[in-house]
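Trainee: Based on the provided sequences and hints, a complete structural model is requested.
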Amino acid sequence: MAGQVLVIEDEPNIIEAISFILSRDGWQVRTHSGGEGAMDAVRERCADLIILDVMLPHRSGFELLADIRADPVLGRTPVLMLTARGQRKDREMAERAGASRFMTKPFSNSEMLEAVRALAGPV
Amino acid sequence: MIQNDNDAVVTGEAASATGSMTGTRIRERRLVRGLAQGALARQAGISPSYLNLIEHNRRRIGGTILLRLAEALNVDAQALAHGGEAALMAGLREAAGDMGEVGAASGLEAPSLHDADLHKSGQHRSDLHRHETDPPELNRLEEFAGRFPGWAQLMVATLRRAQDQARRAEALTDRLAHDPHLAASLHEVLSVVTAIRSTASILTDTRGLEPEWQARFHRNLGEDSQRLADSAQRLVRYLGDGPGTGADMLSPQDELDRFLGAAGHHFAPLEVGGDGDIDALLAAGGLQLGKGAHDLACTALEAYRADAAALPQARLLDAVAQLGLEPLALAQHLGIPLARVCRRLAAMPEDAVGPIGLISVDASGAILTLKPMAGFVATRLAGACPLWPLFRLMAQPGMALSLDMVQPGRGTRPVRGLACTEAVGAPVLNMPPLLRATMLLLPAQGDDVSAALPVGTSCRVCPRSDCVARREPSILPQMDGAADASRF
Numbered sequence: 001m002a003g004q005v006l007v008i009e010d011e012p013n014i015i016e017a018i019s020f021i022l023s024r025d026g027w028q029v030r031t032h033s034g035g036e037g038a039m040d041a042v043r044e045r046c047a048d049l050i051i052l053d054v055m056l057p058h059r060s061g062f063e064l065l066a067d068i069r070a071d072p073v074l075g076r077t078p079v080l081m082l083t084a085r086g087q088r089k090d091r092e093m094a095e096r097a098g099a100s101r102f103m104t105k106p107f108s109n110s111e112m113l114e115a116v117r118a119l120a121g122p123v
Numbered sequence: 124m125i126q127n128d129n130d131a132v133v134t135g136e137a138a139s140a141t142g143s144m145t146g147t148r149i150r151e152r153r154l155v156r157g158l159a160q161g162a163l164a165r166q167a168g169i170s171p172s173y174l175n176l177i178e179h180n181r182r183r184i185g186g187t188i189l190l191r192l193a194e195a196l197n198v199d200a201q202a203l204a205h206g207g208e209a210a211l212m213a214g215l216r217e218a219a220g221d222m223g224e225v226g227a228a229s230g231l232e233a234p235s236l237h238d239a240d241l242h243k244s245g246q247h248r249s250d251l252h253r254h255e256t257d258p259p260e261l262n263r264l265e266e267f268a269g270r271f272p273g274w275a276q277l278m279v280a281t282l283r284r285a286q287d288q289a290r291r292a293e294a295l296t297d298r299l300a301h302d303p304h305l306a307a308s309l310h311e312v313l314s315v316v317t318a319i320r321s322t323a324s325i326l327t328d329t330r331g332l333e334p335e336w337q338a339r340f341h342r343n344l345g346e347d348s349q350r351l352a353d354s355a356q357r358l359v360r361y362l363g364d365g366p367g368t369g370a371d372m373l374s375p376q377d378e379l380d381r382f383l384g385a386a387g388h389h390f391a392p393l394e395v396g397g398d399g400d401i402d403a404l405l406a407a408g409g410l411q412l413g414k415g416a417h418d419l420a421c422t423a424l425e426a427y428r429a430d431a432a433a434l435p436q437a438r439l440l441d442a443v444a445q446l447g448l449e450p451l452a453l454a455q456h457l458g459i460p461l462a463r464v465c466r467r468l469a470a471m472p473e474d475a476v477g478p479i480g481l482i483s484v485d486a487s488g489a490i491l492t493l494k495p496m497a498g499f500v501a502t503r504l505a506g507a508c509p510l511w512p513l514f515r516l517m518a519q520p521g522m523a524l525s526l527d528m529v530q531p532g533r534g535t536r537p538v539r540g541l542a543c544t545e546a547v548g549a550p551v552l553n554m555p556p557l558l559r560a561t562m563l564l565l566p567a568q569g570d571d572v573s574a575a576l577p578v579g580t581s582c583r584v585c586p587r588s589d590c591v592a593r594r595e596p597s598i599l600p601q602m603d604g605a606a607d608a609s610r611f
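Chains as they are written, first to last, in my numbering: chain X, 1 to 123; chain D, 124 to 611.
One should not assume that every hint holds.
[As the list claims (entries may be wrong)] Have a look at the derived ranges for each label pair, beta carbon to beta carbon:
1) X:110 to D:415: 40 to 46 Å
2) D:405 to X:2: 41 to 47 Å
3) X:117 to D:284: 54 to 60 Å
It should be emphasised that the hints constitute simulated quantities derived from the structure, not laboratory data.
In this text the structure is predicted, and so the values were computed from the model without any measurement.
The beta-carbon is built from N, C-alpha and C at its ideal position, and this holds for glycine as well.
Mentor: The structure is reproduced here in structure tokens:
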């Protein structure tokens, strides 16, 4: 059975592109737009990997990540964080918050695929 | 060693290195007045050769000789003795210190007596490159300032300009690093670039891509390209004009203010009986709203329509005709929450109710709604004045507060502020309500400024110097004793 990836992002065309390339690579992709209700989506999907944007409306990705890490069931789920800010302090903040990997926008499709395979294992 | 009289101290070679520049100033003044050395010496009652030594700072003088020379030159003796030397010398040392840092960074040695001795003995370096990077001769500063006062002043002025520019660059850098609007704009640009890159890659790299997917991704590319162009143009305008310069790069809130202001905050189609078409209103505004501002405007107009349905214009104006502009009485009479009555009063045409302003803030103090009123200045930039009555109510929800206020430099007429709060959203168990405070601005009933609460606009542009609520320095000249913040 294909691994499941949950994409939490507020840019619809990024969601569509990521969904397409991951689906073509054999992943089962679920998406959620924005920070509102994102934690419910995380609990509902129980994904093998979460791709999480940092700057989301209503709730930041860091806040969501903290909630995920605090959850006794979902706390160990790998989380790939996406951000348009690639400064060292943002990387450090992501590391402290418990991100499994940190990817700076704009990234290439091959980088995304490589990161997903590395974090969630082969399909 | 020579001793001419009690007013002169012979200092020999040391005078040029450590003595004052009094002699140089005497020489300059003499030359300005076109006096020969002999003529001045005669007027001062000293020999020309002795004056020559004085003028070359080989003799320190004071007392009667200084007074006689000052009198002959028609200048103040203190000006001759001290001049602007201290500040000039301090500036030169500062410039030398800056150069010293450069020298240290580039591996140059600090100036030494040996260097000075080389110059004195007439030995010159032939290495021109070495000359270009020579550290300044600190032990000859006084001589330099005395012999070339104009160049010395120019050097200090140049140092000051460089320091000022460095401070401005630092301030701008700091602002750019912490400017939320710039951060949001860059984030938007990079996000769109990500979408374009990823989509383009799919289109070029995916073999046998189905036509429907191709069409979909082509459409996405078109949308994102347009968004990127818009975002980049806004960003370039913003960077070109600089933040806070009043240029046309507006935040979504500023765009909303401009949109609402252009309509006078009154929208007849959203009143009861109007066609209620928000999209048509936004299109007819003639303003190209960005996506953020468009969303804010939609929210604001939906709220307007709900307010208008709950309290129609005709009903409100009838009540105003009966009770006057008394929001609390109107709210009680109409059975409508006070905050809604305030919003509706502010939405009435000015020819029906006169000038009325409105400000609403969230619990963080950020201004959400801003309808300005003559005599009361409010700005979204740099935060509001914490003395405004509506901020008092965050700790006392449910209370209504009416106070006359006066801002500095805004004439003598006070403005009446009627403030109230309302809860936002549905109640959440065991959580306090999320509050929003609203302040209606009305002309005060009297002109008594002394009874009005002194408030400001925003600390950055408020001249009140003795305000306990000040959170940052003002860019304006300070106004003493004008704010009685203790009354707050």
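Trainee: Against the earlier hints, flag every one the structure doesn't satisfy and list their numbers going up.
Mentor: When the structure is compared with the hints, only number 1 turns out to be violated.
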